[in-house]
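**Q** Each chain, letter by letter, is given below.
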Amino acid sequence: MIMVACAIALAVVAAGMLLNLYRLAAGPDALDRVLALDTMAINAIALVMLLGIWFETHIYFEAALLIAAVGFLATVAFCKYLLRGNVIG
Amino acid sequence: MPAALEIAVTVLILAGAFFMFVGSYGLAKLPDMMRRLHGPTKATTLGVGAILVASMLDALLVTGDLSMHELLIAVFLFLTAPVTANMIAKAYILRNRAERAALPPTGRPAGWATLVRGEVPPVPEGSIRP
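Protein chains in written order, with the working numbering: chain G, 427 to 515; chain Y, 188 to 317.
What the hints contain is simulated information worked out from the structure, not anything from laboratory work.
It cannot be assumed that every hint is accurate.
[Said to hold, decoys possible] No farther apart than 35 Å at their CA atoms in a straight line, the calculated lysine-lysine pairs in the DSBU-like style are these: (1) LYS277(Y) x LYS216(Y); (2) LYS216(Y) x LYS506(G); (3) LYS506(G) x LYS277(Y); (4) LYS277(Y) x LYS229(Y); (5) LYS229(Y) x LYS506(G); (6) LYS216(Y) x LYS229(Y).
[What the hints assert, rightly or not] Here are the computed distance ranges between Cβ atoms for each label pair: (7) ARG459(G) x GLY251(Y): 38 to 46 Å; (8) PRO292(Y) x ALA489(G): 43 to 51 Å; (9) LEU492(G) x THR293(Y): 39 to 47 Å.
[To be verified] Simulated coverage check for chain G against chain Y, where a stretch passes if three residues somewhere in it have a Cβ under 8 Å from a Cβ of chain Y: (10) 440-451; (11) 457-465; (12) 469-476; (13) 479-485; (14) 489-501; (15) 504-514.
No residue lacks a Cβ here, since even glycine has one placed at the ideal position from N, Cα and C.
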């Protein structure tokens, strides 16, 4: 039962990522694309955690944590860059 | 007991996937940037939260004891999601002149916090904020 739910959830989250990809390609403003990338990182975390449940292993946890940290830092750096023209300073 | 746990994990996985999809759909479908911001920042934290709790309970089902590592990701995401949303909204308002002109007046001596530079005017007597 959990495996079936996992398969469905993997498909649904992947479909959500395709919608993010659409916004990434079509977004009129640069911030739309930043938001699409941020959402994509969150969807990737969900995808990795679902793979962890699917393979019944705990190894994928670290990957999800890394994606969470890098996604947050990337979004903040993008916003800083768009506002000021540089990231630090 | 394992059967109830299995049902709980299944329901949490499906609910999480549903919320993830709602967030992404809102991002793709809503008409302008400020409204698009609502979809992912709210729905996906709920979606990831549900999937993380499902993963914790699944570890209880597989190995026999509850896994607490997932709480780390949950806490990190719940702390950072408002920060990223605020950064994106602020950058959007400061980059778009038309968006700034369309803001309604605040109805008090202080202007919009994002746009006010320098000294903030004093708040009058009887106001809610000290």
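**Q** Would you mind marking each hint as holding or not holding in the structure?
**A** Do the hints match the structure? See the list:
For the suggested pair LYS277(Y) and LYS216(Y), the alpha carbons sit about 22 Å apart, so the restraint of at most 35 Å is met. With a CA separation close to 26 Å, the supplied pair LYS216(Y) and LYS506(G) stays within the 35 Å bound. Among the hinted pairs, LYS506(G) with LYS277(Y) is consistent with the structure: their alpha-carbon atoms are about 10 Å apart, no more than 35 Å. The suggested pairing of LYS277(Y) with LYS229(Y) holds, with an alpha-carbon distance near 17 Å, which does not exceed 35 Å.
Annotation: proposed proximity of LYS229(Y) to LYS506(G) holds, straight-line Cα distance about 22 Å (limit 35 Å). With a C-alpha separation of about 15 Å, the suggested pairing of LYS216(Y) with LYS229(Y) holds against the 35 Å cut-off. In this structure, ARG459(G) and GLY251(Y) meet the distance hint of 38 to 46 Å, their C-beta atoms being roughly 45 Å apart. Taken as a hint, the range 43 to 51 Å holds for the pair PRO292(Y) and ALA489(G), whose Cβ atoms sit roughly 48 Å apart.
The hinted window of 39 to 47 Å between LEU492(G) and THR293(Y) holds, with their beta carbons roughly 41 Å apart. Check result for the stretch 440-451 of chain G against chain Y: holds, 7 residues qualifying (beta carbon to beta carbon below 8 Å, three or more required). Counting residues of the stretch 457-465 of chain G whose C-beta lies closer than 8 Å to any C-beta of chain Y gives 7; at least three are required, and the coverage claim holds. Only residues whose beta carbon comes within less than 8 Å of a beta carbon in chain Y count, and the stretch 469-476 of chain G has 5; three or more means the coverage holds.
Given as covered by chain Y, the stretch 479-485 of chain G passes the check, having 3 residues with a CB less than 8 Å from a CB of that chain where 3 are the minimum. Only residues whose C-beta sits within less than 8 Å of a C-beta in chain Y count toward coverage, and the stretch 489-501 of chain G has 6 of them, enough to reach three; the restraint holds. A stretch counts as covered by a chain when three or more of its residues have a beta carbon under 8 Å from one of that chain; for the stretch 504-514 of chain G and chain Y the count is 4, and the coverage holds.
Of the numbered hints stated above, none is contradicted by the structure.
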